[in-house]
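Q: Residue strings, one per chain:
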Amino acid sequence: MEGINHKMITVNGINMHIAEMGEGPIVLLLHGFPELWYSWRHQILFLAAHGYRVIAPDLRGYGDTTGAPLHDPTKFTTLHVVGDLVALIDAIGADKVFVVGHDWGAIIAWKLCLFRPDKVKALVNLSVHFSPRNPHLKVVESFRAMYGDDHYICRFQEPGEIEAVFANIGTKQVLKKFLTHCDPDAFYFPKDDPFGDKYKSPVTLPSWLTEEDIDYFARKFEQTGFSGGVNYYRCLDLDWELEAPWTNAKVNVPVKFVVGDLDLVYNIPHAKEYIHNGGFHKYVPLLEEVVVIEGAAHFITQEVPDEVNKHIFDFLQKF
Amino acid sequence: MESVMKTSDLNHHRIKTNGIHIHVAEKQGQGPFVLLLHGFPETWVSWHHQIHDLANHGYHVVAPDLRGYGDSDSPPSPSSYTMFHIVADLIGLLDHFNQQKVFVVGHDWGATAAWHLSLFRPDRVKGMVAMCVPFFPRDPYIKPTLFFKQSFGDDLYINQFQEAGRAERSFAKYDHLTVIKKFLLINQTDVLIAPRGMEIIDDMEIPSQLPPWITEQELQIYADKFQQSGFTGGLNYYRTMDLTWELLAPWQGSKITVPSKFIIGDKDIGYKSFSKPYIEGNVMKTLVPDIEVVILEGHHFIQQEKPKQVSDEIISFIQKLVLD
Chain A
0 MEGINHKMIT VNGINMHIAE MGEGPIVLLL HGFPELWYSW RHQILFLAAH
50 GYRVIAPDLR GYGDTTGAPL HDPTKFTTLH VVGDLVALID AIGADKVFVV
100 GHDWGAIIAW KLCLFRPDKV KALVNLSVHF SPRNPHLKVV ESFRAMYGDD
150 HYICRFQEPG EIEAVFANIG TKQVLKKFLT HCDPDAFYFP KDDPFGDKYK
200 SPVTLPSWLT EEDIDYFARK FEQTGFSGGV NYYRCLDLDW ELEAPWTNAK
250 VNVPVKFVVG DLDLVYNIPH AKEYIHNGGF HKYVPLLEEV VVIEGAAHFI
300 TQEVPDEVNK HIFDFLQKF
Chain B
0 MESVMKTSDL NHHRIKTNGI HIHVAEKQGQ GPFVLLLHGF PETWVSWHHQ
50 IHDLANHGYH VVAPDLRGYG DSDSPPSPSS YTMFHIVADL IGLLDHFNQQ
100 KVFVVGHDWG ATAAWHLSLF RPDRVKGMVA MCVPFFPRDP YIKPTLFFKQ
150 SFGDDLYINQ FQEAGRAERS FAKYDHLTVI KKFLLINQTD VLIAPRGMEI
200 IDDMEIPSQL PPWITEQELQ IYADKFQQSG FTGGLNYYRT MDLTWELLAP
250 WQGSKITVPS KFIIGDKDIG YKSFSKPYIE GNVMKTLVPD IEVVILEGHH
300 FIQQEKPKQV SDEIISFIQK LVLD
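Chains as they are written, first to last, in numbering that gives the first Met the number 0: chain A, 0 to 318; chain B, 0 to 323.
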């Protein structure tokens, strides 16, 4: 990836790896699970070529970012991760930045807007809509009630368990299965399939994902393992407890939301009504645009990069 | 004081908020709404003068027993006492009373709670008065107990309070009234550091005579409450300072944008020897741009020692903002 500079910056007690390119207003790109800065490779090149300084970190627990205790899930709360990003914004000398988030990166971006709206000029969020906190129901319980015990979020909870399943499936195969998931249905890891045999079937890579791409991801995840990323899920209920002060708080930052119509998150029961019928706008009053990309699934930064590039650029241009 | 305790125009409620029950004393009025937050080792009763004075101006006053105190719930684990938990309790109270934006007055740990309510949810705070505990900048590298250890050693009261059970055991050598007197009647002005090998409670003296601003009966009211609740709830706030600090990383460098007033007694513990330069300096003004600082003559438990002056300062602060 020519022209992309790689740096290590100490932030909030960890050593964060960032990929950086271009000059101009700063755009922070936040990846999800199980991904890396690399998921933004198309957006980095495009936005840098169009007058932006793009920064894509490996988030806490991922890739070449080090220093977070992978065996202590309690160090992966949204407060930790947003803390890392606030320190990053300060370290690069910025006051207010553009943010683009995808998957867990989108969740982190929502929280950054709740906690430090003074740091965000505008947000383009991909795939994961803002969900108001339910003070009467914890997060994992809500997924268990909706989807049952084999749902990936439930299966991710017990430290070590899913790591063992992933080890059985094999790192590269896990990544292939995740990144090519174009099913509107969720991931399940049935307990009666402890070796994850259902995930061992061969994967034909789509045109937008090469063996080299997979090799890059696999190399990094073989180094770190998956615990870092999975720990974010293990903090869902702790996050819920700590974020109680923001019950019913609104996101007061200009937002554009982009999602594929086959995205498993978009297809969560009642999500579409919430997104299109006013609920989303109630909690994000400055939600300016909602875009649904037909035929696209969850990993849209890689699946339909040109469209995503254009949607980001068109929105950031307005500020 | 008994009139405040028994008076029929004070309502008492146990309100479900943030997964626990918080007891509040309420004096209704047409408004504005003022939340009064006590510190350690106190209860809502510390505000009995202010409740009376503010209510005379028609204010709607609510004084909770904070989590861990009095007739409110005391969850067992220290990690349930972060500022995130406390602030969420207060948000729940505001929602219960249907108050979108309120005035908040906090003393000691209650001041810390008020600062963090203003930091997290400035949209819910019209103005705040902090008493005795200023808003300090967060050090990005050094957690609080380490800072205190480096500055004041292991026998600073805050560091002695860290270990679960230790302070409780040292307090248990005395009856509850004596413990309460040792704190509420503090008249030493230097930072509370015990001599090596001594527990802080053993080093705290009770004056031979009660000062004019409090009676034996009033002190007994606190003692009785702490006999019921124990001190662990209140001590857990200290035990969670490092965890709160860690979780505050997103607010590194963040300012308090809410209009603020800071009140402290000139004989408060550590004022002259430690915090005075900070309170008078530029760092605090930069962190809290809209702040008015008032130094009164008095010690730590200032709202009880100088009740009329404190009430007047609160009222003038609120009146000015209401008229703006």
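One or more of the hints may lead you astray.
Quick look at which bits of chain B chain A covers, simulated, 3 or more residues with Cβ under 8 Å [as the list claims (entries may be wrong)]:
| id | segment |
| --- | --- |
| 1 | 117-123 |
| 2 | 206-219 |
Pulled from the structure, derived: some chain B residues nowhere near chain A, Cβ distances all over 12 Å [stated by the list, open to error]:
| id | residue |
| --- | --- |
| 3 | T16 |
| 4 | N17 |
| 5 | D88 |
| 6 | D94 |
| 7 | K254 |
| 8 | S274 |
Since the hints were made in silico from the structure, they are not lab data. Every residue, glycine too, gets a C-beta built ideally from N, C-alpha and C.
Q: With reference to the structure, classify each hint as holding or not holding.
A: Hints, one by one, checked against the model:
1. 117-123: holds (count 3)
2. 206-219: violated (count 0)
3. T16: 9 Å, violated
4. N17: 5 Å, violated
5. D88: 8 Å, violated
6. D94: 8 Å, violated
7. K254: 8 Å, violated
8. S274: 26 Å, holds
The structure fails hints 2, 3, 4, 5, 6, 7 (numbered hints given earlier, in ascending order).
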